[in-house]
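Could you build the full structure based on these sequences and the hints that come with them?
Protein chains in written order, with my numbering: chain A, 1 to 418; chain B, 419 to 507.
Hints should not be assumed to be uniformly reliable.
[To be verified] Within a straight-line C-alpha distance of at most 25 Å, the following computed DMTMM-like cross-link-like pairs (lysine to aspartate or glutamate) qualify:
| id | chain 1 | residue 1 | chain 2 | residue 2 |
| --- | --- | --- | --- | --- |
| 1 | A | Lys-25 | A | Asp-227 |
| 2 | A | Lys-414 | B | Asp-456 |
| 3 | A | Lys-247 | B | Glu-451 |
| 4 | B | Lys-444 | A | Glu-246 |
| 5 | A | Lys-247 | B | Glu-473 |
| 6 | A | Lys-247 | A | Asp-197 |
| 7 | A | Lys-65 | A | Glu-94 |
| 8 | A | Lys-414 | B | Glu-473 |
| 9 | A | Lys-247 | A | Asp-272 |
| 10 | A | Lys-247 | B | Glu-504 |
| 11 | A | Lys-217 | A | Asp-386 |
| 12 | A | Lys-247 | B | Asp-456 |
| 13 | B | Lys-465 | A | Glu-408 |
| 14 | A | Lys-65 | A | Glu-246 |
| 15 | A | Lys-247 | A | Asp-407 |
| 16 | A | Lys-414 | B | Glu-495 |
| 17 | A | Lys-247 | B | Asp-490 |
| 18 | A | Lys-352 | B | Glu-473 |
| 19 | A | Lys-352 | A | Asp-34 |
| 20 | B | Lys-444 | A | Asp-386 |
| 21 | A | Lys-414 | B | Glu-505 |
| 22 | A | Lys-352 | A | Asp-386 |
| 23 | A | Lys-247 | B | Glu-450 |
| 24 | A | Lys-65 | A | Asp-351 |
| 25 | A | Lys-409 | B | Asp-440 |
| 26 | B | Lys-423 | B | Glu-505 |
| 27 | B | Lys-470 | A | Glu-246 |
[Unchecked claim] Chain B residues, not near chain A, derived (Cβ > 12 Å throughout):
| id | residue |
| --- | --- |
| 28 | Lys-423 |
| 29 | Pro-425 |
| 30 | Leu-429 |
| 31 | Ser-436 |
| 32 | Pro-446 |
| 33 | Glu-450 |
| 34 | Asp-458 |
| 35 | Thr-491 |
| 36 | Ala-492 |
| 37 | Lys-501 |
| 38 | Val-502 |
| 39 | Thr-503 |
| 40 | Glu-505 |
Hints in this document: simulated from the structure, not taken from any laboratory. Glycine is no exception: its CB is placed at the ideal position from the N, C-alpha and C atoms.
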Amino acid sequence: MQKYSVFSLIKNAFSNHQNWEVAWKDPAPKSEYDVVIIGGGGHGLATAYYLAKEHNIRNVAIIEKGWIGGGNVGRNTTIIRSNFMYDANARFNEFGMDLWRNLSQELNFNVMFSPRGIINLAHSDAQMNAYARRGNSMRLNGIDAKLLDRDEVKKLIPMADFSDEVRFPIFGGLMQPSAGTARHDAVAWGYARQADDMGVDIIQHCEVTGFDVVNGKIKGIRTSRGDIKAKKVGLCVAGSTNILAEKLNMTLPIETHVLQACVSEPVKPLLDGVVTFGAGHFYISQSDKGEMVMGGDLDGYNSYAQRGNLPTIQHVLTGGLALFPFLSRLKMLRTWGGIMDMSMDGSPIIDKTHIEGLYLNCGWCYGGFKSTPVSGWTFAHTIAQDQVHELNSELRLNRFSTGHLLDEKGLGTKTWIG
Amino acid sequence: MLYIKCPYCGLRAQKEFSYGGDATVKRPNINEEVSSEDWDNFVYMRKSPRGKHIELWQHIAGCRQWIKVQRDTATHEIFQTAKVTEEIR
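Structural data, given as C-alpha cells:
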C-alpha cells in the first residue's frame, strides 16, 4: 500500500495527482468468509480492521447496503469524550481515548483528532454538585476532569451570555480537557483503507435480505448480490438494528429515532472546544472550516427517515441562542438527520447472541462516534474469541433482564426524552 | 412539522403533542403471576418497525387526552388516529 506522507504528496504533485492508488478496492462478494460484518460504518470498518490486525482473521467481508461512511459516521457532530460516571462506561471509553490519540499514526490517515476539551455547563448549585460527583468518578477512573467556576468558564468562552438578565445563569461547568473532535469521514476512510490492505473485502451496495440459521447456528447471510456463507456474522448497523433483528426473529431493547444536527456558515475561529448547555439539550463546537456544528434533542418519535422536522431544530437552537446570543446573526448552512439505535438504558450492547456465531453491536444512542475505535476493538475481540472482553463485560444484552442497567443519565425507558 | 388529527379537537400541529411510545405494548395483568420475561418484554423490548407503527401521543397543549396514532416511521405519513380506548387496525 502506498504510504501517505509529505513525500508521497510532493511526488504525486508532479503527475497532477492523477496516479494515486485507489484507497480501497470494490470487490464482488465471494461465496464464503470466516467473518461477515454487516454495516460499513465506522464501527463495522473498525471491527474488520481490528479483526485483521489484532486477531489475524483476514478472510472478512464488510457488507454495506449503501456506501461506506454514508450513515451515522458521516452524520454525527464528531465529538470525542470519555466523561462518564459509571465504571463500565468510563473504562470502556477511556480505553477508546487511548486508541484515538494514536489513530492518525496507526492508520496512516489524518483523522484530525483535536483534543481541545469539552465543557458541560452547570446552571444551578445542584447541577454543580452533580458535576463534582461525576468529575470525581471520572478521576477515580483515571480520566481528567476539572470543575470550573463561573469566572474560569468566562475565560474559556467569553462569548457566552454572562449578563444578569439570563434565565439560566452559568454557575460553572465540568471540563474534560482531553476530549475533543475528529474528522469523522477520515475515520471511516482510514479504517477502510487499512482493512482493505489487510485483505478485508469491502462490499458496498449490497443489502442483507435474510439469514441462514440452522439448529441455532449461523451459516450465512442472504443478500441482494447472492448468498454468502459465513462462520461468524457481526451486526454493526446502528439505526437499522431492529430491521435485521426482525429477520432473525429477535426483539431487542432498542428503539430507532431520528436525531438532527446542523451547521452554520463558516466564521473565523471563535470557539475552541465543545460546549454543552446544561439547562436544555444543546451542544456546539466549531469545525476546522469554521462552521458552528450544533445538535441537541431527538425529534422524539420512532423514525427511520434520516431527516427530521423543523420544530426540533427551532427548539434546539432556542437553547443555543440562550447560551450564545451571537448565533442569531449567523446563517444556517444545512441541517440533516441520522437514525439512532436508542437502547433502553442509554448504553451500548456489544455481545454474543442466543444464535451461535451471531454477534451484536448496537444501542449506541446518539454517542456512537466517540466509541468507534474501542467499539471495533472490543467487538473484534468478542467475535474472534467468541467471548466478551473485560471492557465490554458489562455491555451485555442480558443486563436488561438481570437488572444490571448502565443508566448513565437515569432517564428510564423513554428513550426519546433523552 | 407533523399534523396530527386529535379525535377530540381536530387537526393540530405536532408542537401541541408529546410522544408516548409504542401503543401495542401491553402491561402484564398485575393480579396474576407475572414472569420476569413478561416484565422484560413490557418494560424494555420493542419491535420498533420500519413502516406502520401504532403509537401513543398526548395532546398536552390541547385537550390533554392520550390518543393513538398510526404513522409510517419511514415517511412520517399519518394514516389514522383514534381515541386511546379504540382499536386501530
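Here is how each hint holds up against the structure:
For the hint pairing Lys-25 of chain A with Asp-227 of chain A, the CA-to-CA distance comes to about 21 Å; that is within 25 Å, so the pair holds. As the CA atoms of Lys-414 of chain A and Asp-456 of chain B are separated by approximately 18 Å, the hinted pair is consistent with the 25 Å bound. For the proposed pair Lys-247 of chain A and Glu-451 of chain B, the alpha carbon gap of about 31 Å is over 25 Å, so the pair is violated. Between Lys-444 of chain B and Glu-246 of chain A, the direct Cα distance comes to roughly 19 Å. Compliance with the 25 Å bound is thereby established for this hinted pair.
Between Lys-247 of chain A and Glu-473 of chain B, the direct Cα distance comes to roughly 22 Å. Compliance with the 25 Å bound is thereby established for this hinted pair. With a C-alpha separation of about 32 Å, the suggested pair Lys-247 of chain A and Asp-197 of chain A falls outside the 25 Å cut-off, and the hint is violated. For a cut-off of 25 Å, the pair hint linking Lys-65 of chain A to Glu-94 of chain A is broken: about 31 Å separates their Cα positions. As the CA atoms of Lys-414 of chain A and Glu-473 of chain B are separated by approximately 13 Å, the hinted pair is consistent with the 25 Å bound.
A distance of roughly 45 Å separates the Cα atoms of Lys-247 of chain A and Asp-272 of chain A; the hinted pair therefore is violated under the 25 Å criterion. Only pairs whose Cα atoms come within 25 Å are accepted, and Lys-247 of chain A paired with Glu-504 of chain B is rejected, the gap being roughly 30 Å. Among the hinted pairs, Lys-217 of chain A with Asp-386 of chain A is consistent with the structure: their alpha-carbon atoms are about 13 Å apart, no more than 25 Å. Of the pairs offered as hints, the one joining Lys-247 of chain A and Asp-456 of chain B holds, with about 22 Å between alpha carbons and a cut-off of 25 Å not exceeded.
At most 25 Å may separate the alpha-carbon atoms for a hinted pair to count; Lys-465 of chain B and Glu-408 of chain A meet this at roughly 24 Å. Of the supplied pair hints, the one linking Lys-65 of chain A and Glu-246 of chain A holds, its CA atoms being roughly 17 Å apart against a limit of 25 Å. The straight-line distance between the Cα atoms of Lys-247 of chain A and Asp-407 of chain A is roughly 28 Å, outside the 25 Å bound, and the hint therefore fails. Between Lys-414 of chain A and Glu-495 of chain B, the direct Cα distance comes to roughly 22 Å. Compliance with the 25 Å bound is thereby established for this hinted pair.
As the CA atoms of Lys-247 of chain A and Asp-490 of chain B are separated by approximately 19 Å, the hinted pair is consistent with the 25 Å bound. Taking the CA atoms of Lys-352 of chain A and Glu-473 of chain B, the gap is about 31 Å. The hint is violated against a cut of 25 Å. Restraint check for Lys-352 of chain A and Asp-34 of chain A: satisfied, since their Cα atoms lie roughly 16 Å apart, inside the 25 Å limit. For the given pair, Lys-444 of chain B sits about 36 Å from Asp-386 of chain A by alpha-carbon distance, which is inconsistent with the 25 Å threshold.
Annotation: proposed proximity of Lys-414 of chain A to Glu-505 of chain B holds, straight-line Cα distance about 23 Å (limit 25 Å). At most 25 Å may separate the alpha-carbon atoms for a hinted pair to count; Lys-352 of chain A and Asp-386 of chain A meet this at roughly 7 Å. Proximity of Lys-247 of chain A to Glu-450 of chain B is assessed by CA-CA distance (about 33 Å); at most 25 Å being required, the pair is judged violated. Restraint check for Lys-65 of chain A and Asp-351 of chain A: the C-alpha separation of about 23 Å stays at or below 25 Å, so the hint holds.
Distance restraint check for Lys-409 of chain A and Asp-440 of chain B: the Cα-Cα separation of roughly 22 Å lies within the 25 Å cut-off, and the hinted pair is therefore satisfied. For the proposed pair Lys-423 of chain B and Glu-505 of chain B, the alpha carbon gap of about 16 Å is at most 25 Å, so the pair holds. For the given pair, Lys-470 of chain B sits about 14 Å from Glu-246 of chain A by alpha-carbon distance, which is consistent with the 25 Å threshold. No beta-carbon of chain A is positioned within 12 Å of the beta-carbon of Lys-423 of chain B; the least distance is around 16 Å.
For Pro-425 of chain B, the requirement that its beta carbon stay farther than 12 Å from each beta carbon of chain A is met, with the minimum near 18 Å. Residue placement check: Leu-429 of chain B keeps its beta carbon more than 12 Å from all beta carbons of chain A (closest about 16 Å). Remark: the non-interface label on Ser-436 of chain B conflicts with the geometry, its nearest Cβ contact in chain A lying 8 Å away (cut-off 12 Å). No beta-carbon of chain A is positioned within 12 Å of the beta-carbon of Pro-446 of chain B; the least distance is around 14 Å.
Every Cβ of chain A is farther than 12 Å from the Cβ of Glu-450 of chain B; the closest lies at roughly 20 Å, confirming the non-interface assignment. Chain A draws Asp-458 of chain B into its interface by the beta-carbon criterion, the shortest separation being 5 Å against a cut-off of 12 Å. The Cβ of Thr-491 of chain B does not lie farther than 12 Å from every Cβ of chain A; its closest approach is about 5 Å, which violates its non-interface assignment. A cut-off of 12 Å between C-beta atoms contradicts the statement that Ala-492 of chain B is not in contact with chain A; the least separation is 5 Å.
For Lys-501 of chain B, the requirement that its beta carbon stay farther than 12 Å from each beta carbon of chain A is met, with the minimum near 19 Å. Even its closest Cβ contact with chain A, about 17 Å, leaves Val-502 of chain B beyond 12 Å, as expected for a residue assigned away from the interface. A cut-off of 12 Å between C-beta atoms confirms that Thr-503 of chain B is not in contact with chain A; the least separation is 22 Å. At roughly 20 Å from the closest C-beta of chain A, the C-beta of Glu-505 of chain B stays outside 12 Å, upholding its exclusion from the interface.
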